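There are 2 protein chains.
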Amino acid sequence: MANTENNKAKEKMITPRAKDYSQWYLDIIAVADLAENGPVRGTMIIKPYGYTLWERIQTILNARFKEVGVQNAYFPMFIPEKFLKREEDHVEGFAPEVAVVTHAGGKKLEEPLIVRPTSETIIYDTFSNWIQSYRDLPLLINQWANVVRWEMRPRLFLRTTEFLWQEGHTVHETMEEADERARQMLDVYRDFAENVMAIPVVRGIKSESEKFAGAFRTYTIEAMMQDGKALQLATSHNLGTNFAKVFNVSFLGRDGEQHYGSQTSWGLSTRTIGGLVMAHSDDKGLVLPPRMASIQAIITTIGHGSDATNVEEKAREIMKALQDAGVRVEIDARELRPGEKFYEWEKKGVPIRIELGPKDVAKNAAVVVRRDTGEKQNIALDALASEITTLLETIQKDLYTTALERRVAHTKTADSWDDFTQAIKEGNFVLAHWCGDAEVEKQIKEETGATIRCIPFDQVQETGACIKSGRPSTGRVLFAKAY
Amino acid sequence: MANTENNKAKEKMITPRAKDYSQWYLDIIAVADLAENGPVRGTMIIKPYGYTLWERIQTILNARFKEVGVQNAYFPMFIPEKFLKREEDHVEGFAPEVAVVTHAGGKKLEEPLIVRPTSETIIYDTFSNWIQSYRDLPLLINQWANVVRWEMRPRLFLRTTEFLWQEGHTVHETMEEADERARQMLDVYRDFAENVMAIPVVRGIKSESEKFAGAFRTYTIEAMMQDGKALQLATSHNLGTNFAKVFNVSFLGRDGEQHYGSQTSWGLSTRTIGGLVMAHSDDKGLVLPPRMASIQAIITTIGHGSDATNVEEKAREIMKALQDAGVRVEIDARELRPGEKFYEWEKKGVPIRIELGPKDVAKNAAVVVRRDTGEKQNIALDALASEITTLLETIQKDLYTTALERRVAHTKTADSWDDFTQAIKEGNFVLAHWCGDAEVEKQIKEETGATIRCIPFDQVQETGACIKSGRPSTGRVLFAKAY
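Note that the protein sequences, when read in sequence, are chains D and Z. Per our numbering, the first sequence starts with residue 12, numbered consecutively. Per our numbering, the second sequence starts with residue 12, numbered consecutively.
So here's chain D without its partners, still in its complex pose:
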């Protein structure tokens, strides 16, 4: 690294992206102090700074869920084994990865308990009691919870045995209304991804092979990471009446007849934080979009002794002014060399650094540095609050634009198998024709590692030939390697 201070720092070096992207990802998590492995393989300890990201996600999504009428509740973590077995596709999908409690209170249990991998079964068993007539609908429930899915290849945030998430579960009178809700919640996620996390996403429908176990249809938002791989940021499922039938979620309709409820479920997890890390960070550390940052601006004081008192007093004035303008700001007045302090906040991805020393105070100005571009500017102290507010918005937009431009540059169309495999190999999103055959989808995956990320909402209807089978297709689907 070019920066002299960095070389002096004793902290772990960051492996450059170009050298080893996977190691770079783990290095960023380590140097930004976000998380570490737990003592049981596949588990994760979310450290305080990492947990602020989950808290931002909770705060913002909670407000948005409330706006669209959703209420929070909490359901038990232990699911009777027989519940999981009721929906055939569901058990097939989840049985291989569940954790099972066989003993409790010093005794062997009569029936083993499953630690929830997701809560459709236990929640819908309850819903069957809560719902009598159409007057009880729509029922719009969400819970924030931990879930467990045994992971063979764990990776911090992206794949952990236990993870935190929210899972929404709704019941509606009609299939149309359920589908509308599933799409509405996907749009809540899209809006959050794009306008809070600054990550552009492709919205679409999952292929039959990739959809949620037990769903009628799965909607997804897919983001491109810096290595060209896709990450599914959130999914929203139209469950149809699949679960309603096995858990008897039924209601007396307006027509006086008994009907099964049409349902949705939708979730976003701590996995999203992995996506956030990979979307914007660079070889110097984490880069956070301002709306996700628990600290949006850090005022780093420079100078010791008698000078310092003056500087610290001014720093507190600036902090107050910024707080009044709604900026989340802190002061770093530790007696360390300026470079050390700069380096620390750089690693932690704080969007703006405000450097303040005796000379700056004398000139009634501060040096303001953008984390994303490294750009420096002198700003008069009395203009700071308004300039910083504007700059945070600029950074937020620029991060989104950069990510979008990257995705556009790395999204290719392919019409021949050679072009397709080449484009996948080079780390692109590839729009290509597919015949709709799950067997062909599987072959493509085996030969290239690419999966169908989704059938995009904005798919253009056009006649084409499947990239693999040559059979007819009516539109391109999105292929990519994925996390």
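Among these hints, one or two may not hold up.
Since copy identity is lost for identical chains, a pair holds within one copy or between any two.
Below are the DSS-like pairs computed for lysine-lysine, each with C-alpha atoms no more than 25 Å apart in a straight line [what the hints assert, rightly or not]:
1. 77 / 331
2. 408 / 387
3. 93 / 118
4. 118 / 96
5. 119 / 93
6. 387 / 325
7. 119 / 96
8. 222 / 479
9. 436 / 479
10. 222 / 456
11. 456 / 423
12. 479 / 453
Rather than coming from a laboratory, the hints here were simulated on the basis of the structure. Keep in mind that this is a model prediction, so the values were computed, not measured.
Dock chain Z against the given chain D, drawing on the hints supplied.
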């Protein structure tokens, strides 16, 4: 019930407190729609209205923890069995009630995993890596999590197999500092109990028999329920160096030597909601203190047809004015008979009902009804915002005062075994002398059902004879039957 509307309602009747206090408690939870039993024995489903209470607790405590420097984090739920076994008292205390995962990912695990009953072991194993020198101290961490303790006699909120809580864990340089922190956090709980939940508490130290498994000393806040029984609302433990020694939580001190950290842990759980229910509610339903209520005032409209439009418009104006004054308010404009609406919000414990009909609008006034006393008053619409704000504060204070007066009236001193057993039988807190012998404490429990709730902070030093053994004692301790 005297109220005609109530008799007509099809809902579950509430068993009067005087008839069957235990059933009354369960009835309140049912009619207020707070929670219900889960499919696995001892588990609980927290329904949306009940969950708002937990959200209030989280929001308020989170802010207070932050004020005293505590940061949130998240640690894995699965604890290697060997961790639990390291601290002798701790394993003895918790082993009988843990749930054990023996299979996961389709295989038998090499080492069984404990579902956390509390997280001292896994967190301190981690802390041992986080802490090198005194510069890393104090370390002040909290997590919001679910925990599992197998319950033989489950009861909604009060004793559930899985419950939600926060657990704080801190490390300090000295025993004095740890003790100060343990007391400081107890005071955060006391302040929350008294000033938010309107529940007066007795602060004190647990006897050796009642202290947390592995603690050096346990501090507690104890509240009196309406039946005179005690409920422990929260505890805060000075762990000394007990865990630090087994998990090697050590640091390089200012003196250049290696020292063990002095630790605390402290927690408050969904059990507290059971206490809230029992502290204030009456035979008509739940009674919530305004600071805990997600809906502080409900505007119930009266009248149908053309009148209704006018009334609803006025109701929205009032809602806006109240919201601007910081009141959490909603409108119930459903086309139901007024009595049905009144009854519903009464059951749900909403502190203030604002009745608004065509006649009220014509008179530019509304009928305002207090949930706690049933007192009605006419208030001019333009005075409503300020009057309601004041009334909410009055209700908050009055609930506290009523609970305090009840406790004072039901706190007795006893100097003979006969007086003691009689006072316990009649449902009192009893201050009595005890010789300090755990065996005697056990006998008292066996013969009367009463336990030592705490050695109160405000214990008066006085010479006396143990109520049971007659041996000398230097002060009275607090006895009561407890939940």
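A quick look at each hint next to the structure:
1. For a Cα distance limit of 25 Å, the shortest separation of residue 77 from residue 331 across copies, 18 Å, qualifies, whereas the shortest one inside one copy, 31 Å, does not.
2. Taking the shortest Cα distances, residue 408 and residue 387 sit within 25 Å of each other inside one copy (18 Å), while across copies they are farther apart (55 Å).
3. Taking CA atoms no more than 25 Å apart as the test, residue 93 paired with residue 118 passes in both settings, with 20 Å inside one copy and 19 Å between copies.
4. In this homomeric assembly, residue 118 and residue 96 come within 25 Å of each other (Cα to Cα) both inside a single copy, at 24 Å, and across copies, at 18 Å.
5. In this homomeric assembly, residue 119 and residue 93 come within 25 Å of each other (Cα to Cα) both inside a single copy, at 17 Å, and across copies, at 20 Å.
6. With identical chains, the CA atoms of residue 387 and residue 325 are at most 25 Å apart within one copy only, with a shortest distance of 20 Å there and 55 Å across copies.
7. In this assembly of identical chains, residue 119 and residue 96 lie within 25 Å of each other by CA distance both inside one copy and across copies; the values are 21 Å within and 20 Å between.
8. In the homo-oligomer, the alpha carbons of residue 222 and residue 479 lie at most 25 Å apart inside one protomer (21 Å), although the nearest pairing across protomers, at 69 Å, exceeds that limit.
9. In this assembly of identical chains, residue 436 and residue 479 lie within 25 Å of each other by CA distance solely inside one copy; the values are 16 Å within and 82 Å between copies.
10. Taking the closest pair of Cα atoms, residue 222 and residue 456 come within 25 Å of each other only inside a single copy of the chain (16 Å); across copies the shortest separation is 58 Å, beyond that limit.
11. For a Cα distance limit of 25 Å, the shortest separation of residue 456 from residue 423 inside one copy, 18 Å, qualifies, whereas the shortest one across copies, 77 Å, does not.
12. In the homo-oligomer, the alpha carbons of residue 479 and residue 453 lie at most 25 Å apart inside one protomer (11 Å), although the nearest pairing across protomers, at 78 Å, exceeds that limit.
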